[in-house]
Each structure stands twice: as structure tokens, then as C-alpha cells.
Amino acid sequence: MTSLLKTWAGRGRIEVMLTFRDRRTITFTVLLPLILLLVLSSLVHPIGLKYVSFAQYLTAGMIASGLVYGGFQGLSIAIPEERSNGTLKRLYGTPMPRSAYFAGKIMNVVVIYVIQIVLMLGLGAIAFHVTIPTSPTAIITFIWLSALALITFTSLGIAFSSLAKTGQAAAAIATPLVLFLQFTSGVFFIVTSEPAWMRAIASVFPLRWLCQGMRSVFLPARFGSQELGGGFHLGQVALIMAAWSVVGLVLCFRTFRWLPLGED
Amino acid sequence: MRFAESRVVPPVCNSVGVPAAIEVSGLKRSYGDLLAVNGISFAIEQGSCTALLGPNGAGKTTTVEILEGYRHRDGGDVTVLGTDPAKGDRSWRQRLGIVPQNCADLLELTVGECVTHFASLYPAPRGPEAVLELVGLVEKAGSRVSTLSGGQRRRLDVALGIVGNPELVFLDEPTTGFDPEARRAFWQLVGALKAEGATILLTTHYMEEADALADRAIVVNHGVVVADAPPRALGERADDLAVVKWIEAGAAVTRDTTTPTALIAELHARLGGELEGLEVRRPTLEDVYLRLVGEAEA
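Protein sequences, first through last, are from chains A and B. All residue numbers for the first sequence refer to the numbering used here, where the first residue is 1 and numbers rise by one. All residue numbers for the second sequence refer to the numbering used here, where the first residue is 1001 and numbers rise by one.
To be clear, the hints were calculated from the coordinates, so they are not data collected in a lab. Since the structure is predicted, the reported quantities are computational estimates derived from the model, not experimental observations. Think of the CB as a built atom: it goes at the ideal place given N, C-alpha and C, for glycine as much as any other residue. Don't take every hint at face value.
No farther apart than 30 angstroms at their CA atoms in a straight line, the calculated lysine-lysine pairs in the DSSO-like style are these [stated by the list, open to error]: (1) A:Lys6 / B:Lys1087; (2) B:Lys1245 / A:Lys6; (3) A:Lys165 / B:Lys1245.
What follows is a list of derived Cβ distance ranges for each label pair [stated by the list, open to error]: (4) A:Phe253 / B:Asn1038: 29 to 37 angstroms; (5) B:Leu1107 / A:Val111: 15 to 23 angstroms; (6) B:Leu1290 / A:Pro176: 46 to 54 angstroms; (7) A:Pro97 / B:Gln1101: 20 to 28 angstroms; (8) B:Arg1144 / A:Ser3: 25 to 33 angstroms; (9) B:Gly1047 / A:Ala242: 55 to 63 angstroms; (10) B:Glu1208 / A:Thr166: 35 to 43 angstroms; (11) B:Pro1230 / A:Pro97: 39 to 47 angstroms; (12) B:Lys1087 / A:Ser3: 17 to 25 angstroms; (13) A:Ser3 / B:Asn1056: 36 to 44 angstroms; (14) B:Leu1241 / A:Trp258: 48 to 56 angstroms; (15) B:Tyr1031 / A:Val204: 37 to 45 angstroms; (16) A:Val246 / B:Pro1180: 54 to 62 angstroms; (17) B:Gly1047 / A:Ile143: 53 to 61 angstroms.
Chain A with its partners taken away, still in its complex shape (with noise of 0.2 angstroms):
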């Protein structure tokens, strides 16, 4: 036990040191959103947007991001390239227990999540006033929040890794869809001034969801009322989550290949 938990530990450690001597890695997992906050929280001031400034409400779109971008854009590009680089090959060959090349994921894709919300609340505090929350019941619902979301994008992540040949074709698909899933689910904009079509599509999807619940952390309580349905409705956010992260679990477990296509 303390062996496998070793290995697990050794496995993080190298994903770590990875992620932080690639530099694409770090511009679009860290400084990107972090350069998104900092530009749009300058720049804009949407209609319509009541009780909160745009960069409190951009804070709680971005956090909601970041697991989307190291868990699923992050892992959906950096594991075809493994495994068509040979790196996943050269591991299947040894006799590492399988569970620590994902518990190596995992734990970047946290210590990734950690350095952002860092950073982005740091860079929000600092320059736009923006207020941190500190009450129990906020920082319970962000640990579930984000324990839901880290087992859904990772685990998405892992499943849309095995569509893709090579890294660049993966990138191809997930960047175009990753943007397309922020600016439709209240990351940019207000869902509320969404055509209807945009809104149904989006509430399709677990980032609409993470988004209300992170508003329910970082935005004062009278801002339920702006919400679709007139409040947070955060049991119906952890359920669509949970479902998410079942599907997702369900994806990777029966789709993860360690060789490419053909090659097995």
C-alpha cells in the first residue's frame, strides 16, 4: 500500500516538473485565463449585469474554468501526444501499477487548479476590488464544487483523449470547444440575455452548472434572483455535476487506450 502510494506520489512529481518546464502548458493553463480576467475586467461592462461588478462575476466564470482548462483541455491534448510519443508505451512496459499514470494527472491537473485560483483571486483582489469569500457554507460548497468538476473534466479529458491521433489533432477540437462552452455558459456573458436555442444547448453541458454554483461562492445572495429560475438551485447543480461525472468516469474507464490505434 504505502509502495502504490509512493508510486503515486512519484508519478505527480514528474507530471508536475513536466507541466512546469513546458511552457505551452503553463500559457494556456495558467497565464491564458489569467490574461482573459485581467483584459476583459478592464475592457468590459455588460448590459444588464445587477449587484456585482464584472470582474467579481468574471472571477467565478474563470475559476469555473480552470478545471476545464487543465483537467479537460489540458489532458485532452497532453495524452495523445503521450501516446504517440512513446511515453505511454514505455510505461505500459514496466511493471507500474496502472492506477499512478492518472493519479499523476490528477494531481497536476490540483496543483494546476490551486496555482490559478491563487493567482486569479490574487490578480482580482489586487486590481479590481474583487471580495474573496470566508464564510463556511461558501467554501464548503466551492470544495464540492471543485471535487465534482475535478472528477468530471479530468475524467472527460482522459475519455476525448482517445479520439484524437496526435496532440495538435486533439487541440484542433478542444480548444474551438472549450471556447465555445465558456461564452455560451455564463463565463463571458450572462446566461440570462442568451437567445433561448444558446441557453438550451448550454445547460446541456456541466460548465453552465459549475458556473451557477460558483456564483453562488464568489456573488453576493441577492444575485440568485438574476439567475435563470430565479436562484442557484444548487442541488440541481450537484446532481447535473454528479451525472456528468458518472458519464465521464464511464467514458474513460472504456475508452482509455495505451497504444496507438492499430498498434495493439
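Chain B: place on chain A using the hints.
Chain B alone, transformed into the frame defined by chain A:
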């Protein structure tokens, strides 16, 4: 499961009692309509070094990757260290060392980090420093893998293949892209592994490499074994005619003979002094190999 019933196979020994590290019989694998491996059989003794030779597309890599547990097979029986590779578990993998082809991973780690990390995946690894010493990468321990030359990169791949202290080492085209000096150094490394008692299965396109390292050469073409013998005996190479060349009265003369020594003595007696441009050549492994592969082609 796509295989027929499994059976427990006791280790098979050859006539002098050395148990087999690898046993393959009637191995088959196809990709769509293409029969990549069409009934290959061989057994490899523990502690031996065997070269698997053949042109691209002959079925070498498919065969090796079935033995390594990467690919599945459509038919035949295979045991590697007494285990069916399709059912190989962690304790089986602990005894194997694999040096795959075309590795482009680990680029942003240092050589030392790689060896230390992979050592941590095995229960009784070699010391990382000892492995770096063995492959001659001690002074590169702090360098990123992305900065290594092709030969250094390949030596790192070998280091990662042997760091677990394996009983059986698969070397898949280990010296592709090496300069002659690096290749000689690599041959010494394989010699050292052999001396430690490891069983080695090597695939290569370099016939002089097979000649230098292997106790036995298995030539495959179109998915079947076309020759199987020690390199020196392959294709009756030892019994082949020698080609003697020399220059007589300003003109090059070439003669095939079974008795080159007698011919040279006769020339020496007739022409006197040093023979101009004298050359005696036996067919190399490459000559024999090309003939074998060509024959199979016809």
C-alpha cells in the same frame, strides 16, 4: 479473450538442460487482409543473445511486440519467462526490460531524473548511478533529454530498459542512427549485459551488429522464419566459396575457390614477393542475409 484455452507450460529445456526464456510456436497475426506473422516458431535459451533479422514489414516488430505483451496474437502458443504475454502481470513485467523503437518522450526531464524515476517502478533495481556508468552517460546526468544526441538518447533508452535488473532484455533496433564509434561502445554494453547472464533478443538492420553480438540469428520474411542458425553458420556461410582477388600483369583477376590458402601459396610461388592488390573475402552475414531474403522473395 481472443485466444484458445490457456495452459500452464512447464519450462522447456533443450538437450543440454538450459531452460527456454522464450518459446514461440505457430505464432500468427494479421492486420485486416495482411498476414504479418504466418506461423513463426522458435525457442530461445536463457542467457543467450538472439538476433531477429528481416526486412521492413517482415513481421519482426509484430513478433517482438507480441512477446513484450503489447500486441495480441491471432493464433499460436507463446511463453515468455514461463508466462503467456497476453496474461502477463506486474510480477512478470518486473523481470523484463524493453527498449522500444522510436522513442521521443521524456524530453523535458534530465537524464538522471529519468533513470531515478524508472528505477522507482521496479522492486530490485540497479542503482541509477551504476546504470548511467554502464551506458556511459554519467556526465550527462544533469542534462535535459531534449539536448542529447541521437546516440546518447538511445543509450538512455537502454538505461531505462535495464534499470529494473531484467532477466530478459528486448532491444528493438537499438543502434539506428549511431555513428560507428557509438555503435562499438553499444556493442560493449550488450556484451556486459550478456556477461551478467541476461537473455537478449535483438532486432537490427545492421548485419555486422548481429554478427558481433548474437549467438544465433533468426531471419524472418513475409511472416515466416526463412533461416535459423548461429551467424557464422547461417545459409551454409562457412562452407561457401572464398573470393580471391589480385592484380597480375596490370590486370585485376578474381577467382572463387574452396581452397584459398593453397591458391595464394601457388600464386606466391609463381609470381614471387608481395602479391599486388591481394584480397581474400568470405561472404559476409549481409551477403548471406540478402540471398536468403531475396530467395524468399522469388
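A quick look at each hint next to the structure:
1. A:Lys6 / B:Lys1087: 26 angstroms, holds
2. B:Lys1245 / A:Lys6: 66 angstroms, violated
3. A:Lys165 / B:Lys1245: Not OK: lysine 165 (chain A) and lysine 1245 (chain B) at ~55 angstroms, beyond 30 angstroms, violated.
4. A:Phe253 / B:Asn1038: 29 to 37 angstroms: The hinted range 29 to 37 angstroms holds for phenylalanine 253 (chain A) and asparagine 1038 (chain B), with Cβ atoms some 35 angstroms apart.
5. B:Leu1107 / A:Val111: 15 to 23 angstroms: 20 angstroms, holds
6. B:Leu1290 / A:Pro176: 46 to 54 angstroms: Between leucine 1290 (chain B) and proline 176 (chain A), where Cβ atoms are some 52 angstroms apart, the hint holds.
7. A:Pro97 / B:Gln1101: 20 to 28 angstroms: 25 angstroms, holds
8. B:Arg1144 / A:Ser3: 25 to 33 angstroms: 29 angstroms, holds
9. B:Gly1047 / A:Ala242: 55 to 63 angstroms: 57 angstroms, holds
10. B:Glu1208 / A:Thr166: 35 to 43 angstroms: 36 angstroms, holds
11. B:Pro1230 / A:Pro97: 39 to 47 angstroms: Holds - the Cβ-Cβ distance for proline 1230 (chain B) and proline 97 (chain A), about 41 angstroms, lies within 39 to 47 angstroms.
12. B:Lys1087 / A:Ser3: 17 to 25 angstroms: 23 angstroms, holds
13. A:Ser3 / B:Asn1056: 36 to 44 angstroms: 41 angstroms, holds
14. B:Leu1241 / A:Trp258: 48 to 56 angstroms: 51 angstroms, holds
15. B:Tyr1031 / A:Val204: 37 to 45 angstroms: Once the Cβ atoms are compared, 39 angstroms apart, the range 37 to 45 angstroms for valine 204 (chain A) and tyrosine 1031 (chain B) holds.
16. A:Val246 / B:Pro1180: 54 to 62 angstroms: 59 angstroms, holds
17. B:Gly1047 / A:Ile143: 53 to 61 angstroms: 57 angstroms, holds
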